Structures are given as C-alpha cells and as structure tokens.
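*Asks:* Given chain S, put chain G in place with the hints provided.
Next come the chains, spelled out residue by residue.
2 protein chains.
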Amino acid sequence: MSKLTDLPKRILIGRALRSDRLGETLLPKRLALPVFASDSLSSVAYAPGEVLLVLSIAGGAAYHYSPWIVVAVAVVMFTVVASYRQNVHAYPSGGGDYEVATTNLGPRAGLTVASALMVDYVLTVAVSIASGIENLGSAVPFFVTHKVLGAVAVILLLMVMNLRGVRESGTIFAIPTYAFVFGVFCMIAWGILRIATGHDMAAPTAHLTIHAESSGLGGFALVFLLLRAFSSGCAALTGVEAISNGVPAFRKPKSKNAATTLALIGLLAVTMLLGIIALAVNTKVRMAENPATDLLDHGKPVGAGFTQNPVIAQVAEAVFGHNSIPFIFLATATALVLFLAANTAYNGFPVLGSILAQDRYLPRQLHTRGDRLAFSNGIVLLAGFAAILVVIYGADSTRLIQLYIVGVFVSFTLSQTGMVRHWNRHLRTETDPAKRRHMIRSRAINAFGGFLTGLVLVIVLLTKFTHGAWVAVLGMVIFYATMTAIRRHYTRVSEEIAAADEPGEDYVLPSRVHSIVLVSKLHKPTLRALSYAKLMRSDSLEALSINVDPQDTRTLQNEWQNRGIDVPLKILDSPYREITRPVIDYVKGLRRDSPRDVVSIYIPEYVVGHWYEHLLHNQSALRLKGRLLFTPGVMVTSVPWQLESSEAAKLRARRRADWSAPGSIRRGPVGPPRTADREQVTPGAGAGSGQV
Amino acid sequence: MSKLTDLPKRILIGRALRSDRLGETLLPKRLALPVFASDSLSSVAYAPGEVLLVLSIAGGAAYHYSPWIVVAVAVVMFTVVASYRQNVHAYPSGGGDYEVATTNLGPRAGLTVASALMVDYVLTVAVSIASGIENLGSAVPFFVTHKVLGAVAVILLLMVMNLRGVRESGTIFAIPTYAFVFGVFCMIAWGILRIATGHDMAAPTAHLTIHAESSGLGGFALVFLLLRAFSSGCAALTGVEAISNGVPAFRKPKSKNAATTLALIGLLAVTMLLGIIALAVNTKVRMAENPATDLLDHGKPVGAGFTQNPVIAQVAEAVFGHNSIPFIFLATATALVLFLAANTAYNGFPVLGSILAQDRYLPRQLHTRGDRLAFSNGIVLLAGFAAILVVIYGADSTRLIQLYIVGVFVSFTLSQTGMVRHWNRHLRTETDPAKRRHMIRSRAINAFGGFLTGLVLVIVLLTKFTHGAWVAVLGMVIFYATMTAIRRHYTRVSEEIAAADEPGEDYVLPSRVHSIVLVSKLHKPTLRALSYAKLMRSDSLEALSINVDPQDTRTLQNEWQNRGIDVPLKILDSPYREITRPVIDYVKGLRRDSPRDVVSIYIPEYVVGHWYEHLLHNQSALRLKGRLLFTPGVMVTSVPWQLESSEAAKLRARRRADWSAPGSIRRGPVGPPRTADREQVTPGAGAGSGQV
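Protein sequences appear in the order of chains S and G.
Position 14 of the first sequence, counting from 1, maps to 0 under this note's numbering, and the rest follow consecutively.
Position 218 of the second sequence, counting from 1, maps to 204 under this note's numbering, and the rest follow consecutively.
Excised from the complex, chain S in its bound form (with noise of 0.2 Å):
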C-alpha cells in the first residue's frame, strides 16, 4: 500500500481496502471466543491459588472449604454471565458499563463506573503480566530471580507493540487461547483418569505442612476467612464484562452471537476453575501467604529461598511431570494467554478514554477514532501506571490481586442497576405482553445479578479494604475528581465562548484590515509571503523587520530598493535585540489608534522534516506568534515554505494516517455513532466531536 505514491489511487485504494479489511473482520463465534475469553480465562491461572492462599491461613484443613468457595464463585460468574447476556441483547450497539450506567443511572454512576474501569484496566496489565511472569517462572527459573525486570519487560514490550499499531487479527489470540483450553482440558482429563485408574499424584509442595497463622478458628472468624476467600477467588470474574463493549464486531445476528459465546466463555471458565481447584486438592497442593516462613518442612520453615510455583504449575507437574513437554507447553501457553489478557486492556484503555473524551470527560482531541496520538498518550499512560504498581508491589500477583476485584465489581453492580432501570423504564411504554414477559424476566436477572454483585462488592471492601484495596478506591477517587475538573472547565469555556443568542450582539464588526508581513531577509520564504500577502487585498499592506543588526538592516533595504519592491518596508529598532517585544509594541500602537481595525501578521516560516531541525529554525516566530495571539483584534498568518527535508516528514505523516489502532478488531467496523438510548444524557455531550 505505501508503495503507491499517486496519491488519489493511494486514497482511493487504501480507503476500499480498509472497508474491505473491516467488512472481513467481523468476527465468527469461533475466533469472537478466543477475542474477548483472553481476559477472562485467564484469571483461571491465579484464582484458585488465591483461594487457597487466604485458606492456608487457618492451616492446611481449612482447604476441604476450597471447592465449596469455587462453587460460591461459580454462581456468581453464571449470575454475571447470565445479566450481561441481557445487557448485550438491550445494547446491541456496544453499550459497555460506562454507557449503561450513565443513561439509566445519571452521569455520576457513569463516572463512577468509568472510573472503576480505568483502575481496572490498570490492574489488569500488572496482574496479568505479573501472573504470566510466575507461570513462566515455574518452567525458566530466570523469571523467578527477575521479576519485576520480566514483567516491566512485557509491560513496555506491550506498549511499544500497540504504540505501533500491530495489525490484529482474530488467529493471534485464537492459538494462544485454544492452546490454554485445550491444554488446561487435557490436564484435568488425564489427572481425572490417573486418578481413577489408582495413580498417586503428589503436587511439588505436597509434602510440606502448613503452619497455621491462627489455628482453630471458629464462628465469625471463620466465616470472615472463608469471605476472604471467596473474595479473592472472585477475581475470576474479572474481563467477563468486556464483550458487551463489543458486540458490533460480531457477525449477524450480533446480539444472540455475543451471548452465546458469553454463555461459552462462562461456562469453561467455571469447569476448568473447578477442574483445577479439584487436582489441587487431590494432589494436595500447599500454599501459603508468607511460603518463606508459613510452609514447613519437616516442621522446618522452608526459608527466603524457596518458590512458591502458581496452583496451575502446581497441578500440571503432579499430572505431567516435573519439566515434562506438557508442562512446558501448558506454563507457556497460560504465560501467553495471560499477556494478551494484558494486551486487552492496552485496546481497551484508549477505546474508554475517547467514549469519555466525547462526553467531554477527558481532552476532546482523545475522542477522535484511529487517531493515534489519543491512542499513544492513553497506551504510555497505562504502560505508566502499571509498571509504577508492578515495581512497587515487586510483582506480586497474590499482592496484586489484593487492588484488583473493586473496580470490576462497582461496575458490575452500577451496570446491573442501570439495567434494572432500563427495563423499567421500557416496561413503561411497553404493551406487547410477549415482551413485556421477556422485559421482566430480563429485569429480574439483571435485579439479581445487581444483588449478588453488591453484595460482592460489599464483602470485598470489607475483606479486603486494609490488604490493598484502598489504593484502588484511590486511585478512583483521583480518576474521578480529575474527570470532572476537565469536565467543568469544558462546560466553563463553551459557556464563555457560546454565541449571543441575537445576531450582531457579541461585538462591534472590525472595519479595516491592516496587514504586516515580518521580514528579516529576502529570500524565496519572504516574497511568498509578500505576494500572498499582496492577493489578500488588505486595507493596507507594510513590511516589518526588527533592527538587529545594522549591517544586516542596511543590506536588507538596499535590496528591498533594488528589487523595488512594491511594499513600504518599515524598520523598527531594537535596543536589547530582541524580536518580539518591538513587534508586539508596534501591533499594540497600531490597535491603540485605531481600534476598530483588525492586524493581519503574516511570517514566513519553514517547513522542515526532523524533530531536530524544528530547534534550529523558527523558534523566533513560534514565540512571537504565541505572544501575538495574546493580543486582541489580531490574526497571524503562518506561510509556509517546504525545505527539502520536509519531503521526508510528509512521507512520515501519510505513514501515521495509514496506521490502523490496536484493539479495532474487538470493536467493530465504525458504525455510526452512538445514539441509541442515550436521550438522558446532555445533547452537547458530542461538543468536542468536530472542535477543532
């Protein structure tokens, strides 16, 4: 494509094949499953061991609990695939948390939410990136001494893939995913077989006896360990939410597509948590909080430096064999799926910050789609915070995943309410009585799932408040007091800057332009300034130049004579030889007397191609223009004149706007753009759309 340098052909061709291109994108149920079960999946890899983990702090016994609070956590996942299924049918358009919350909850529950979300994503990369790294580690010890340089590694290593705008498709997350599901199946099939068939399975750590933090626990304690827990396991939700965001890039019909790949997703994700927690137990897999002095040996701490291999690496060497090539293949394939997990919220980061630009939450220069630069400060940001939250928690998932479950569950919890309200609000207008049964039975799902993730959500805060899960409540408070400080400040200005309502009220109308072209020599860059300038037809028309020097003055008029040129070339003086103070003085004086006329500056500026050439040239005339725009009743005029490295930023350019964003393929072909159930939401909420 690049290789066609006719420019209209480029246009044309390049346009239809992107058409193309997103017309074939959309995605079949067997490659929308690998897209968007990544995320969710993958959380399989550290659930179970945080479960365990929390367990083991009333000793080894209390694991008989660990597959009752999967199947707690179970319940919850089908109540929250169950709810989103009715969100995906009600909004088929792609209407995320965000949207939900804000039409039917108000524009705070839809902050809130989009608040939770941009936590959320954050975590997602440390959490994700930093279980992959574990997983990695039980098979290449290296991940074990260098974890966080692993995981800043893949952290920055992601970053610049999707800063470059790496052309997806649906096979790069289809391979690593089936190959984690299938891997994961295969596991739980031959331990289940070894099993029945007599074998003794012995995880790594079965062996060693957990030392009991508080032994004997009863009653309320108990009950408070076991919601740990279960808290802790919940972060097994996390990623479901994300394909109500993408119904769009689902073939038709989109709506029943999506739920039942939802369906699909949920349902492996709760057989192979259960699979795995099973062979966990059975192979008597020993976890501990603080393994260095918590895991005994021979009634021996196992000390600093023992590994606590990840549940999963657990479970595979007890079926496979310590270093067999399942396990191998299985830690890879689970690392992999973790980092496109990560890779997810790198797409998904940027897509929420330009739906939030759009409603004016964010800069609005981020609302525009495909552009990349709102894509690249969104990327460099997330990259940003989660490799601060990875070197500071030492990239610790277990430490990680104390932060991570409250963001997805605030937005569980406002998303389901804000269904409630949605059917609600249709079942007023609604007579069909076929529909008006499907709505309430829509409404009472989405009431229970609204329920049972408040309560969740509860039991997390409470469980977890003090172990971490301030720093993400935090983080979104801070997320949210910024997004409404750009929020009222756009509100402020557009009051400023908004038209009188009669014509001709704002101001008096300017009656006469006088224009100044700014000379220093003259060369090709000044007389096209000056014959632009001429065209214009201006009241009056004066060159300007700045007495710097002397010698160089006296050249500059003998060839202004010489060339008789037909403009008066006025020179200012300039004691301290600076440029702009005397220009600007000179502008002023002209305003002062005559103040309904209009100052037309133009300067002749170069063009150039490198970042490095912008600091040699021009500085002068961006300071000076700055400075002028200060000064009411003027207008600066910018001629340009293309040095001949400008042809190699100009190649660069065209390379930028044929750049495709990462994470366009989850999101669709561009549709038009989001109306449909908004009618709460403030009509000016598109303001920034066209603002240029």
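Hints were generated in silico from the structure; no laboratory data involved.
All values derive from a computational prediction rather than experimental measurement.
Glycine included, C-beta positions come from ideal geometry on N, C-alpha and C.
One should not assume that every hint holds.
With a cut-off of at most 20 Å between alpha-carbon atoms, the simulated PhoX-like pairs for lysine-lysine come out as follows [said to hold, decoys possible]:
(1) K574(G) x K636(S)
(2) K574(S) x K636(G)
(3) K636(G) x K520(S)
Rough simulated footprint, nothing fancy, chain S against chain G, three-plus residues with beta-carbon under 8 Å [said to hold, decoys possible]:
(4) 17 to 29
(5) 518 to 529
(6) 615 to 627
*Replies:* Structure of chain G alone, referenced to chain S:
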C-alpha cells in the same frame, strides 16, 4: 516597576530605568577586580594541593621541589597576563579567545577554541563546586560524608538562581572575593610572623609519612613527574582569559583599566600561590593521591576513614588553630569564592552560545541577547553536564582537575597565536614608527605567550592524557562536530532559500486566493474568524466543517441558516471520524483544480492561560496546521480567541520580558554588535540576527 500596570508608562519608565542601571554598572576597578577575579583567584584554593599530590608519588622528599614548580607556574601566569593585556588593548570591544582565533586564524581555529571553552565552562562548574564542598568539609564534616549530594545541590541551586535571573551587582562579587583575598593574606602574614618569632606550626597531617609509590625516581621519570606536577599547578591559570570578554564593562579608559585589573589579578594570584605553598612546606602538609593507603601514621596506612583536607584548609588550621574563628572564616570565604567562580561559568556559557549562534554554529534563536529562553537552555545544559561529571567522579576535585587544564590551554595557545597574526596584519599597513614599535613589542609578548602556553599544552596532554584529559578532548571533539553539522545545515538551507538574482524568476506568481474558515460549532471564536476572513476580501470564501457526528452537523447547519450567515457552509464527510485527512484531501483537491490559486485557511484558536489548558484545547488545530503547512500554496491563519484565563499567561509573559539576563554585569552595556576586526569572517555570519 511591576506595580505600574499602565503599559506605555511601564515601558517608558522600565526602559529608562534599565538604561540608567546599565550606565551605573560600568565598573570601577575596585569592583571590576572581584567581578573578574573570582574565577582565577579561587583556583589558588586547589592548585597547591594538586602540586603536592603529584609530588607525593615520589615520596615526601619530593616536596622540596614544590616551590620551584609554583615559581614555574608563576612564570606562565605572568606570561599569560602580559599576553592578555595585549588582547585587551587590541580588542576593546571585548573580543574573547573565540573571536581572536576566528578573526586571525580562521573559523576552524575559532571553533576549536569555542569547543575548548565550552568544555572548560563545564569543568569550571564541576571543579569549583567540588573544591568548594571540600573546603566547606574542612569546617563542617557533614559535607565530607555527603560530597556528591552537596555538590549536586550547589549545582542545582546556582542553576535555579541563574534561571530566575538574579539581578547582579558588583557588591555580590566584591564581598566574598575581598574576604577571601583578605583571609589568605592575613594567613600568610600571620604565618610568616609566627615563623619569624620562632613558633613551630604543624599542619594536621604533619605527623604522617608518605608511602612513596615509586621512591628513588631519577632521570626521565623524575622530570616527567615534575612536569606532571607543573601541569596540575597550571590549574591556577584558569579564569585569566575571562577579562578579555569583559572590556566593555569597564569605565573609561576601558582597555587601560582592564589591563591594570588583569595585572593586579595576576599579581594577587601569584602572591597567594607562593605564600600558601611556602606555608604548606613549612607546616609539613602531607598529601597523597590515595590517602587511605599512601599516608602512613607510625608506619600504618591511615585507612579509608581519613579525610584529606585541602592544603589551604590545612595551612589555615596550622596558622590559626583548628576550628578557630579565622579558620572558619577562611573556609567559608574559600567555599563562597569557589561557588562564585562556578557562577561565572553559568554566565559565560550562554553568552558564548549566543556568539556562536550569531555565527550560525548553534541554533540561531540563542543569538537574541537578553532572551530568557536562550539563556535557560544554556544554563540547564551546563548544569546537566556538570552534574553528570560530579556524579561520575564522586565530586573529587583531584580527579576532575585531570580533565580541566586542556581546554584552557587550547584557547590560550590559539588566542595568542591569533594575536601574532593580528599584529602581523596591522604591521603591514601601519607606518607610524612609534605605533610600529609598540606593535612589535606586543607581537613579541604574544609570540612568547603563544609559545609558552603551547608548550604547557603539550606537557599537559603528555602527562595527563591517560589520567583523564582524554575525556576533555573527547568532549571538545563532540562539541566541534555538532557545531560543524549545525553550521552546514544552516548554509544548506540558506542556499536553498536564496532569492534568485533576477526578480520574478523564482516562481509563477499566484493569481487568486480561495479562503476557507474551519468551523466546528457556531460560537464566538468561529464568528470572529468568519468576520475577519470576510474583511480580507479574498476571491472566494467558504466555511468548512467536518461531519464527525451527524447530530452536531445538523445543529450547525440549522444555526447557520437561522443566523443568516452569508458565507456558504461546506460539510465534508469523515467516515473514520478523522479531522485532518478530509481537510488535507479537500485542500489538495482545490490545489489540483487550480494550481495557480493560493488557499488561505482560517482556524479559530483558543488562547489559554495555563499549560494544562493547552492539553484540553487546540490539539486538533495544531495537528491540522502542522499537516497543512506541508502542502504548497497554502497559508494558515490563526484567529485567536482570548479566554478569560489567558490574562494570567499575559501577565506571566510580561514578567518574563522584564527579566534581566544573568552575567550582564560582566558584559557591560549593550553596544552596537561586534563588528571591529571581523573583516575576515564571512559577511553573512550575522544571518541569524533578525530571523523570525
């Protein structure tokens, strides 16, 4: 001054005050001495120590050579002073080494000197501050344990002070410099008195013996060692050349006063140097390159805990007693005068940059005198380089001095050689026998100066290259290469844009203007842009809006009609919600249809007051503008709308304009630009001057 909000008054009185102030600051000799002496006198604080350090390699017995080495240094000092007295007379306009070398030896020699001086400025900061911290450390042990921290803090402090633009006065220089000179002379006098009265004084290291790294040196090795010690002692000569830039700052007769001051400085420096080394030998100061291992206390190394204080501090301790008031006074004055010496580099570096920019070796915007930004960049760069050196070399003045002297002697040698040429040239035309005699005498002095400093340069390179001087040479090469590349770029561009000799030859004159106002919404900024564009009476005028959101576009069209705006509104569709591409394509289409037309594009822009508001506005406008400028035949006009918040920025800009550049007291009042004696420089050298 800043209280006068009435603009014309402020300008008038502001200007008047400034001219007065500059008149007042013409320096009488009693103030000129400290202003220019801090750099050269402060080296007295470290030069003697360096001599002893090197001699210690041959054991304590070699110390008896030290007075002879200082005498050799004194000879060089007097030679250099005598030589520069000729410079001062020949270049009363303040021609520094760079100018002398450029004018007389050509641009390459000039550029070599410039590179050497730049390296030298960086090292002046690093060495002076490191040594200042060491002197402070002799009184306040905190600075011994936190050397690097202290040095970097002082570097940053000076940077901030210079960035903010401290208003200088001769007094600020006078107090510490005279205090230092007074303190040293008191010490020498008191010391001699005590010796004369038979007191036995012992330095704190007098009881130590030196473990000679290579004892019993003889023949060539000894000569080499003595030459190395001499090279180190020559550090005392740095800063002498500074006065040759500063002649315009003196009261009349400028050259004579400058020459007298220079002689005084030389005399003071040599006296202090000799006095200190004599007292050091008498009080048995012991110093070693590696004190921890090479200084022995009763045969045993003193170990890493030992702090080797500077010679001047040890002598002061011997003469005045440890922690006595005169001792503390001298330590403080020494540190202050060293920091002052560093500060002169903060002044000199940007000034040199401005001269180099005038000759197009550096970005031309650095040339504008009194331009805050130009100074800021130079100051930050200097501080950055110095901080890096200080951190790398652990703020160890001894190790830094190894790098120091190369640059100084490169510029000494080239400057003196240039002076010989200068006299040769003048002798060719001069006929007055008295003047000729004078010139021949001056030439002899400069020739001897050039020869001697050249010899020292060779000695320094031979004895110190592997000890660190290679770093300085590398730095010079890098500066040289960068500046050559910048000069080449400017030359290429100026050839590219040079107007053809015959008027009208350059290109076909454009015939008509097609004006386009970019519109997103109908608010005041848009209305202003429309009314301005209408005033310009171009051949055709239309408004252009990008259809990003159909709803918004419809609103815009309705409002357009309701207000009865008499400019046609064109809507461009943008399927990808981009703004830049449709506009660019449209403009290119217009240009294709009528290539001789010029397209004039009006963009309404917001003017805001805070940097973060920039992030919220104008981003699309700026990007669009950047892209439009690549299209030939286009001019882009910003029609500003000043938001209320822009008032804050306007005030800030005014305050910035009132800022006075640091170092102005050393440069004297603004005169006409340097032209004297520049006949050999290419006449276009001042090209950057009025460039905007």
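*Asks:* Tell me if the straight-line CA distance from K574(G) to K636(S) falls inside 20 Å.
*Replies:* holds (14 Å)
*Asks:* Can you confirm whether chain S covers the segment 518 to 529 of chain G, using C-beta to C-beta distances below 8 Å and requiring at least three such residues?
*Replies:* holds (count 5)
*Asks:* Between the alpha carbons of K636(G) and K520(S), is the straight-line distance 20 Å or under?
*Replies:* Measuring from Cα to Cα gives roughly 31 Å; hence the hint is violated.
*Asks:* Under 8 Å between beta-carbons, do enough residues of the segment 615 to 627 of chain G, three at least, approach chain S for the coverage claim to hold?
*Replies:* Holds: 11 residues of the segment 615 to 627 of chain G have a Cβ under 8 Å from chain S.
*Asks:* Please verify the coverage claim for the segment 17 to 29 of chain G: does it have three or more residues whose C-beta sits within 8 Å of some C-beta in chain S?
*Replies:* violated (count 0)
*Asks:* Are K574(S) and K636(G) close enough, with their CA atoms no more than 20 Å apart?
*Replies:* The given pair, whose Cα atoms are some 14 Å apart, holds under the 20 Å limit.
Going through the hint list in order, the structure does not satisfy hints 3 and 4.
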